[in-house]
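Chemist: These are the residues of each chain, in order.
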Amino acid sequence: MSVLVGTETRLCVSGITGSEGSFHTLNNRAYGTNVVSGVTPGKGGQDVEGIPVFNTFHAAVEESGANTAMVFVPPPFAADSILEAADAGIETIIAITEGIPAHDELRVYTQIKRMPGVRLIGPNCPGVLSPGKANVGIIPASFFKEGNVGVMSRSGTLTYQIGNELAQKGFGNSSIVGLGGDPIPGTSFVDVLEMFENDDQTELIVMSGEIGGDAEEVAAEYIAEHVTKPVVGYIAGFTAPPGKTMGHAGAIVSGSKGTAAAKAEALEAKGVRVGRTPTQVAEIAIEILGG
Amino acid sequence: MSVLVGTETRLCVSGITGSEGSFHTLNNRAYGTNVVSGVTPGKGGQDVEGIPVFNTFHAAVEESGANTAMVFVPPPFAADSILEAADAGIETIIAITEGIPAHDELRVYTQIKRMPGVRLIGPNCPGVLSPGKANVGIIPASFFKEGNVGVMSRSGTLTYQIGNELAQKGFGNSSIVGLGGDPIPGTSFVDVLEMFENDDQTELIVMSGEIGGDAEEVAAEYIAEHVTKPVVGYIAGFTAPPGKTMGHAGAIVSGSKGTAAAKAEALEAKGVRVGRTPTQVAEIAIEILGG
Amino acid sequence: MDLLEYQGKQLFARHEIPVPSGIPARTVDEAVAAAEKIGYPCVVKAQVKIGGRGKAGGVKVAANAEEAGEYADAILGMDIKGFTVHELWIEEASEIEAEYYAAIVFDRSARSALVMLSTQGGMDIEQVSEETPEAIATLHVDPLLGFQPFEARRLAFEAGIDADLIRPIGEFLTKLYDTFIAEEAMLVEVNPVIITPERKVRALDSKVTLDENALFRHKENAELRDPSDEDPQEQMARDRGLTYVKLDGDIGILGNGAGLVMSTLDVVAQYGGSPANFLDAGGGSKADAITSAVEVICSNEKVKAVLFNIFGGITRCDEVANGLIEAFAQAKPTVPFVVRLDGTNDVVGRKILADANLPGVYTASTMNEAAEKVVALAKGETP
Amino acid sequence: MDLLEYQGKQLFARHEIPVPSGIPARTVDEAVAAAEKIGYPCVVKAQVKIGGRGKAGGVKVAANAEEAGEYADAILGMDIKGFTVHELWIEEASEIEAEYYAAIVFDRSARSALVMLSTQGGMDIEQVSEETPEAIATLHVDPLLGFQPFEARRLAFEAGIDADLIRPIGEFLTKLYDTFIAEEAMLVEVNPVIITPERKVRALDSKVTLDENALFRHKENAELRDPSDEDPQEQMARDRGLTYVKLDGDIGILGNGAGLVMSTLDVVAQYGGSPANFLDAGGGSKADAITSAVEVICSNEKVKAVLFNIFGGITRCDEVANGLIEAFAQAKPTVPFVVRLDGTNDVVGRKILADANLPGVYTASTMNEAAEKVVALAKGETP
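These protein sequence lines are chains G, D, E and B, in that order.
The first sequence begins at 2 in the working numbering and counts up by one.
The second sequence begins at 2 in the working numbering and counts up by one.
The third sequence begins at 1199 in the working numbering and counts up by one.
The fourth sequence begins at 1199 in the working numbering and counts up by one.
Since the hints were derived computationally from the structure, they do not count as laboratory data.
To give an idea of the chain E side of the interface with chain G (calculated C-beta under 8 Å), a few residues: (1) GLN1346; (2) ALA1361; (3) ILE1364.
Remember, it's a predicted structure, so these values are computed and weren't measured experimentally.
Yeah, the Cβ is synthetic: ideal placement off N, Cα and C, and Gly gets one too.
Could you put the whole structure together from the sequences, leaning on the hints where they help?
Modeler: Pasting the structure below:
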């Protein structure tokens, strides 16, 4: 098995006729992902290298049986596209678009949370790769092979970096999940921890966090209570400049949370080993799983 | 047993310090209803004949353990009060207020539908009476005694009329539920049919409808599929002037539905006997249950 | 509350829905002045709250001032399906390439707003709905999320709108929804939405129904009410906060609660009577409401007898009784009354009434009995 | 994007939040003219995007034109915690009976907006939060339902607001929420909200942070950016669409993706180096973005060596390589570079770079190796 994307994935790409959209769609298809359709309003009836394009997600779902969406449209239109995919009955929506307004993300998150069975990954994320099965997004798949390590990360390129370090040590991956770096991600570490815990293929979970928010602290609590599989952590930003706080209100809300040190400490307090460099993450993985 | 209100009811009244609010609150208490508190912003700390008044529903729930709300505030403030009660954890909200703007009702209905465990009765309804147990609202309880007939109605005074006819024939009631006559009622016939079907005390269900909307038609379908207890119907408005239709759009939406004749026909098609006068309803009840 | 076409268009304009420019007029002189300002050809349109004015001759295109005056003169005062034309709307003539239909209405069944769009505008849309329902694209809106751009697009694609108009029609629908929400309408309907030769979208007509319960939040809309086209009794009832509908019969009816009043009409009809009106004195009817109600009912000269059917819940029977006594003192009705009082404070109410011993007032203990008596009285019989 | 106090107040005024009247000034003459217009006493306030300006002498009450000029002269150009004062806000003096605190902020943990209210305004609210957190009433808002009147009331009651101010404070919070939503802010903060002797509520200060990603919908807000108070390198980076933060060290850093750049800083630090900046060239970095990045990094004279750490996903390594070649042609950097290219099109990218044979450019195959090399180079050693 794998999580979120795999052999069952039937992908519809929103923004398929854009240059980046078509480039990555074709990349994903070349990898073996079952790309069944695309959506570009006004270009219904056309095709992109044989992939049929529809005017609406509703038509795409009805005609092509899509169950997964990849959203590639520019920021002003991305929230609308995500909501459309959800309304049309798409189950897994992977939003790559960077720079979506925060209030749009807030409305989208709140709406989708109320729609049972619909999951949003991202926005501002690199997507999800289940090596050997499907790649949805912009993760350079050639670096990764099938295996037993599940990776989840708030950062895009850092995910590749860590995946690459693991690969160089001989590890393959069940799935690599990019959660995105925006203030309101659709899916959090806790959600993916639950998936990896229930995934037969995954034997070790790597969690790559960064400064800001409290997603890592919340995940630490969750791991202690619900996760039986070993978890290795990484936190970026130990030497990063202190982030801009949002006035006094922001400081009151976040309290002392949010620093890399606090996050690493929270994880270690729950027995999660935290690597200090991507390389060290791979070394810990070897110790746990054997080389 | 009974439905919606009973011996478990712990009532908090919004608008308790108004003249109508206090009058009916004290009436309800005199009947035996467990009135535990009231809410009037700015009058927290006062009391109405010993009933403590709070500034917010949240304080009322916390301090007095209220589980049921009666909303008696004027129309401009009623939607806010209903949402407050729901937010504070009140399970059953009975809104008496007449004249709430339709868009307010739409927002309130949509929000409450998403809050599991919260039920809104009304607005613009006379409330719910479970004779011998509790009375929440403005139904004149002295006309009714405990018994085995469940009554539900879209109209206020017509409910009393029908209940009275039944009482004169010797029937008592499990519960009398006023659903309210507004375009967007919180609870529909179908909801209460399910409650009466599951209520031990109820042996016969009387459903009093009126022209407009399609609640009776929907109920007819539900009765045929899910209700084992006998149901007697009544529809007001056979000779009423044709209601104002909302342009062509309204006619398109409602189609041929909405007339008293169409409603009676829909019910009779599903085997529900429909009385042509309130008196006839009572006569049919005698035939079914025995005098 | 229904608005006249031009009032609806003014509302539309507030929300940036494109409408042809125009000027309202109440006299021939005003109409000609308006036409001169707008230029020719212009359209002289009867302003009445009923459809079918075109076929009735209430819409004419004027080519010059003379014609404008002639048509204004012909249309002002015209009777269209029982509605007298008191006002005109002089509008610039529009070039029309296509006619669409768009509406947003409160859908009671679904408990949400329904948006409708069709390319079959300009004709009888109800017929389209019956014969080719698939020609009307419909969509329910989540009131908390609001009408989304993708929903507008989807409607436009499903209605089969031309590709170049998907975006402008979507924007049109979005603004129509903005109007629906911001003005708290029960209905906004545009038939036809026109497409000009320049491929611009415009609302050529408007039908707007506002929520009366929400007018307290819309002072400027509350002022749009036009009492001139209301029945004098209905106007009087409205002024006094009563729900009154005039009917054809001779038995005046008053009750508290719409359901009970409708039931009363039914029962009176079953006893062979013919109601003169529907009057709901409302919940918590006070003495002065009763006085007003009696005045309204008796101001209809057809009324031969009156039935008071009160079942008190929030209404208190003692208040009703006192109100009736006051009404008799003030309005001195000359027709007989049958009064049935039950419910809250009924014993006190009945006693008050008995003590007052009003002339021509009969009592009844049930609704059926009351109906029977009032039907007899209306026929000149003694019950 | 942070706004200056007076810009925030102008935003507030748009949404009918009461603020004292005032006039911005950039020179002493303008300040005196503003003071003359406003009358005395008036307040001369430094406009800087940092707290604590009062203690730093950046806020003075002027009793007459002479004082206004004197204070304006003193405050203009003043350095407050590293921020130079370029602008003043001359404001009518307010009478203060009580000082409250109100704010709405994006709460990432709860993924919703958090509204905060306290009667302990005017002082260090963070200290209040630590010592007596119960003195700050807080509430999360459902973004689809919106901020409800009952929520505003509840906050006011829970904060212990005086009974006569429950309603006006509730309205104040509602307008603050309207501002937060309509202007797409990440933060609106008022400290203090003042209560005047006439029991009126007013915003005496403002702190507003707008969402940069939403500025395309708010053209008028986008113009509020004040480049004068930005670091020249940061300004250059922003103009070119790069995310750049200047740091204290001597190793220039460029990466693609914030996480990878942060990780690169950490690894460089672990090898004993000291980063000169954070620079995220972003997803899909094109050749011209790379050229710009090199220019920005090298314009910092402290930089002794530069680390390029690219792991291509949406970014293509061949584009980065070409960009670097172009950058070398244009900017002719004098410091050594360590370049690590991995990911999409990395083989091609590395070949392009090898073929170009740029002076002082070293390659590395891992991030650790790259960090080690650049640290050595910055120390003047040969890796």
